[in-house]
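Next come the chains, spelled out residue by residue.
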Amino acid sequence: MADQEDDLEPAPTGEQAAVKQGPVAVLTQVEKTYQLDSVSVPVIKGVSILVRHACFTVLLGPSGSGKTTLLNMIGCIDKPDKGEIIVADTKVGELSDDELSDFRAKNIGFIFQNFNLLPVLSAYENIEYPLLLAGASAKKRGNRVPRLLEAVGLSDRAKNLPGQLSGGQRQRVAIARALARKPKLVIADEPTANLDSQTGAAILSLMRRLVERYEISFLFSSHDPEVVKAADDTIYLKDGVIQKIQRKGVGEAS
Amino acid sequence: MMTFNLALRNLLRNRRRSLATLLGMAIGSTAILLFGGFKTNISYEMHTTLVRDGGHLQIQHRDFYLYGSGNPTAYGIADYTKILEAIKNDEVLQKMVVMATPALQFGGIAGNYAASVSRTVIGNGFVAEDVNRMRMWNDFGVPSKAPLSALEGASEDAAVVGTGVARVLQLCDALKIARCPKPEKEQKAEGAAIPDDIAQLSLLETPSVSASDGKAGARIEVLVVNSKGAPNVTSLEVVRAEDRGIKELDEVSLMMHFAKLQQLVYGKSPPKATSIMIQLQHSDQIAEARARLVPILSSFSKTQPLAVLDFRELSPFFVQTMSMFDTIFGFVFLLIGSIVLFTVSNTMNTTVVERTVEIGTLRAIGLRRGGILRLFVLEGALLGLFGAVLGATMALSLATLINHLGIHWLPPASAVEMPFTVAIWGETSMITGTTIGLILIAIISAWWPAYRAARLDVVEALRHV
Numbered sequence: 001m002a003d004q005e006d007d008l009e010p011a012p013t014g015e016q017a018a019v020k021q022g023p024v025a026v027l028t029q030v031e032k033t034y035q036l037d038s039v040s041v042p043v044i045k046g047v048s049i050l051v052r053h054a055c056f057t058v059l060l061g062p063s064g065s066g067k068t069t070l071l072n073m074i075g076c077i078d079k080p081d082k083g084e085i086i087v088a089d090t091k092v093g094e095l096s097d098d099e100l101s102d103f104r105a106k107n108i109g110f111i112f113q114n115f116n117l118l119p120v121l122s123a124y125e126n127i128e129y130p131l132l133l134a135g136a137s138a139k140k141r142g143n144r145v146p147r148l149l150e151a152v153g154l155s156d157r158a159k160n161l162p163g164q165l166s167g168g169q170r171q172r173v174a175i176a177r178a179l180a181r182k183p184k185l186v187i188a189d190e191p192t193a194n195l196d197s198q199t200g201a202a203i204l205s206l207m208r209r210l211v212e213r214y215e216i217s218f219l220f221s222s223h224d225p226e227v228v229k230a231a232d233d234t235i236y237l238k239d240g241v242i243q244k245i246q247r248k249g250v251g252e253a254s
Numbered sequence: 001m002m003t004f005n006l007a008l009r010n011l012l013r014n015r016r017r018s019l020a021t022l023l024g025m026a027i028g029s030t031a032i033l034l035f036g037g038f039k040t041n042i043s044y045e046m047h048t049t050l051v052r053d054g055g056h057l058q059i060q061h062r063d064f065y066l067y068g069s070g071n072p073t074a075y076g077i078a079d080y081t082k083i084l085e086a087i088k089n090d091e092v093l094q095k096m097v098v099m100a101t102p103a104l105q106f107g108g109i110a111g112n113y114a115a116s117v118s119r120t121v122i123g124n125g126f127v128a129e130d131v132n133r134m135r136m137w138n139d140f141g142v143p144s145k146a147p148l149s150a151l152e153g154a155s156e157d158a159a160v161v162g163t164g165v166a167r168v169l170q171l172c173d174a175l176k177i178a179r180c181p182k183p184e185k186e187q188k189a190e191g192a193a194i195p196d197d198i199a200q201l202s203l204l205e206t207p208s209v210s211a212s213d214g215k216a217g218a219r220i221e222v223l224v225v226n227s228k229g230a231p232n233v234t235s236l237e238v239v240r241a242e243d244r245g246i247k248e249l250d251e252v253s254l255m256m257h258f259a260k261l262q263q264l265v266y267g268k269s270p271p272k273a274t275s276i277m278i279q280l281q282h283s284d285q286i287a288e289a290r291a292r293l294v295p296i297l298s299s300f301s302k303t304q305p306l307a308v309l310d311f312r313e314l315s316p317f318f319v320q321t322m323s324m325f326d327t328i329f330g331f332v333f334l335l336i337g338s339i340v341l342f343t344v345s346n347t348m349n350t351t352v353v354e355r356t357v358e359i360g361t362l363r364a365i366g367l368r369r370g371g372i373l374r375l376f377v378l379e380g381a382l383l384g385l386f387g388a389v390l391g392a393t394m395a396l397s398l399a400t401l402i403n404h405l406g407i408h409w410l411p412p413a414s415a416v417e418m419p420f421t422v423a424i425w426g427e428t429s430m431i432t433g434t435t436i437g438l439i440l441i442a443i444i445s446a447w448w449p450a451y452r453a454a455r456l457d458v459v460e461a462l463r464h465v
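Protein sequence lines, in the order shown, are assigned to chains U and S.
Counted the way the working numbering counts, the first sequence spans residues 1 to 254.
Counted the way the working numbering counts, the second sequence spans residues 1 to 465.
None of these hints come from the bench; they were simulated from the model.
Mixed in with the good hints, there may be bad ones.
[What the hints assert, rightly or not] Below, a sample of chain U positions facing chain S; criterion: calculated Cβ distance under 8 Å:
hint: 1; residue: 77
hint: 2; residue: 81
hint: 3; residue: 95
hint: 4; residue: 96
hint: 5; residue: 97
hint: 6; residue: 98
hint: 7; residue: 118
hint: 8; residue: 122
hint: 9; residue: 129
hint: 10; residue: 132
[What the hints assert, rightly or not] The calculated label-pair distances, taken between Cβ atoms and stated as ranges, are:
hint: 11; chain 1: U; residue 1: 22; chain 2: S; residue 2: 342; range: 49 to 57 Å
hint: 12; chain 1: U; residue 1: 196; chain 2: S; residue 2: 335; range: 54 to 62 Å
hint: 13; chain 1: S; residue 1: 288; chain 2: U; residue 2: 139; range: 53 to 61 Å
hint: 14; chain 1: S; residue 1: 451; chain 2: U; residue 2: 146; range: 49 to 57 Å
hint: 15; chain 1: U; residue 1: 159; chain 2: S; residue 2: 143; range: 21 to 29 Å
hint: 16; chain 1: U; residue 1: 241; chain 2: S; residue 2: 23; range: 54 to 62 Å
[Stated by the list, open to error] Non-contacting residues of chain S with respect to chain U, defined by C-beta distances greater than 10 Å in every case (computed):
hint: 17; residue: 13
hint: 18; residue: 31
hint: 19; residue: 47
hint: 20; residue: 178
hint: 21; residue: 296
hint: 22; residue: 390
Just so it is clear, the structure is predicted and the values come from calculations on it, not from any experiment.
For each residue, glycine too, the CB sits at the ideal point set by N, CA and C.
Could you put together the complete structure from these sequences and hints?
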């Protein structure tokens, strides 16, 4: 895998970039059914959506609405039963498992509800890990990781293990890790669910800033209507079906 | 490097479990190495004993080994002195050879006329000084020392017999042999006594023997068939009885001076030897020395087919014993290896279950299945490495302790007690082999859990609670 450019400087504004570039993810008539013993449970029912480039997109819906399943499929860690998913101009359904791994490493960052940091690695090493996977040189890693730590406000916590960090700090490390390879899309499954409201708001604000600063698309799920205020686009999901899509500056789409 | 770093830190993550697994492996490794050290020690002891007694190589008549016991003197080597001279003068062999000395074997009857008892014996004649020098050989540094032959410096009619021969010939009192019970009733020993006329003839031939010298009771008469098939008798002074370890050998063994035996067997005919014993500086020179001997012997083989046999060919018991120990060692390794396999496998399975979410995370952020497989296999390999190294360290420490305790034991087929030692120090190949073997077992143990981890569904792994 070729290393991406080392530039972590602020990109052109999200609005400009979004206009210039196409969508980062396109889903067409995607369906997903889980088999629970002999019972088939349809979770996603013919969903077609478009995730815009360099936008902060929220997938909103109650528990069991299929948010996580949809995120997993867009994040290329799950496959649809029907339909087509294109992420970063690639038909991901046609990729092998190893190709998908490489694709995820290059194009997609993940932020998990439970942070999912590697407990034996320090904050610095957790952020460095995706770069090591990509074969980035020591110089590039040494350049990028401190800047990411700075971006998430944890420069003084570089050597701390995850167990020595608070929930909010862990999530910041997870965000920095997700941004390490400057992916096209960051998937975040309820990233504030395990945080208190104040920390959650701070994390939300941080992600919002990073979208604008690094020209990266953020797609995250939530069942909290409050997060809509921070979003560029909001996709309302219920029982595996898109209810409506709201895009700031564009209005409501079906 | 990151995979190694991650694997190492993960091992340290659950220290108690890792330590328990390491200790299991280390104890297994220690047991294997201690048994291996014991086996090696047995091998060195037997090897040394055989080389001290008969040298590394023996030049014999080609058929002597298989048929010589029926009539040893019929397979004598003519011109043996010239062969010895040729060996001595060979510029390659002279650097390797510690001793080259002739030996003569015979079968005959030994009797104690005074007690009217006799028995068949297998005798050996050798140059006592040479044989005693051979008994100093100690290439492996074994702690046991070979008793020197009492024939050195003894009179030309001196003999050394097995304690069994001494017992049957009722020489225990004269030779002051301990633990030599007498029969309840004085009976003639089994086997035919020497005919009176031969015994009388023998006594007439040895006028130096007298009842007043105090050693009359330790004299025996030996009947030998000479090279022409005629009987020949001599009287020998038994200077010592030596326990030969094996009862069957102890009851037939008789050793005497080579020159005296030659005189008895060959009389005025050209004297021969039934073998030439060659002792080398080191056992790993056997092949080279043997190859060098072949062209030398070819010039002496025109009238007599000669062969060079090494001590292993001459002592199948050694080969069989070591083969048995090798089999037991293999079996022990297999048993302990199986325990290690299941221990590591169990540890790795538990680790995989505990780290399922972590596996899902690594896969999500782009680590391939192969990366997961490598990570867990490396963890198993590191467990194996640390366990084996710890085991080797423990084994070396215990070996030092055991070797300094001064424990003695009586090995099978041995007449004397030997120090109970385990040879591990310096046995690089055994330590390396055991270490590599255990690491391989640990890798095999870790492979299946690692494969299972690599095949985990990413979403399922992330959902794992």
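Hint check results:
Given hint, residue 77/U at the interface with chain S, holds; its Cβ is 4 Å from that chain's nearest Cβ, closer than 8 Å. With a cut of 8 Å, the hint placing residue 81/U at the interface with chain S is violated, because the nearest CB-to-CB distance is about 14 Å. Violation of the interface hint for residue 95/U is found here, the shortest Cβ-Cβ separation to chain S being roughly 12 Å, above the 8 Å cut-off. Interface hint status for residue 96/U: violated, as the beta-carbon distance to the closest one in chain S is roughly 10 Å, over 8 Å.
A cut of 8 Å between beta carbons decides the hint on residue 97/U: the least distance to chain S is about 6 Å, and the hint holds. Contact between residue 98/U and chain S, as hinted, is supported at the beta carbon level, the nearest pair being about 5 Å apart and thus within 8 Å. Interface hint at residue 118/U: satisfied, since its Cβ lies 6 Å from the closest Cβ of chain S, which is below the 8 Å cut-off. This hint is violated: residue 122/U has a C-beta 10 Å from the nearest C-beta of chain S, more than the 8 Å allowed.
With a least beta-carbon distance of about 7 Å to chain S, the hint placing residue 129/U at the interface is held under the 8 Å criterion. With 8 Å as the threshold, the beta carbon of residue 132/U comes within range of chain S, its nearest partner Cβ sitting at about 5 Å, so the hint holds. Remark: the range hint 49 to 57 Å for residue 22/U to residue 342/S is upheld by a beta-carbon distance near 56 Å. The given range of 54 to 62 Å is respected by residue 196/U and residue 335/S, whose C-beta atoms sit roughly 57 Å from each other.
As the Cβ distance of residue 288/S to residue 139/U is approximately 58 Å, the hint placing it in 53 to 61 Å holds. A hinted range of 49 to 57 Å is violated for the C-beta pair residue 451/S and residue 146/U, which are about 38 Å apart. Roughly 56 Å separates the CB atoms of residue 159/U and residue 143/S, a value that falls outside the hinted 21 to 29 Å. Look at residue 241/U against residue 23/S: about 58 Å separates their beta carbons, and that is inside 54 to 62 Å.
Consistency note on residue 13/S: stated as away from chain U, yet its beta-carbon is not over 10 Å from all of that chain's, at 6 Å minimum. Against the 10 Å criterion, residue 31/S stays outside the reach of chain U, whose nearest CB is about 32 Å from its own CB. Annotated as non-interface, residue 47/S keeps its C-beta farther than 10 Å from every C-beta of chain U; the closest such distance is 51 Å. Once the 10 Å rule is applied to beta carbons, residue 178/S is consistent with being away from chain U; the minimum gap is 69 Å.
A cut-off of 10 Å between C-beta atoms confirms that residue 296/S is not in contact with chain U; the least separation is 66 Å. Against chain U, the non-interface label of residue 390/S holds: every CB pair exceeds 10 Å, the least being about 22 Å.
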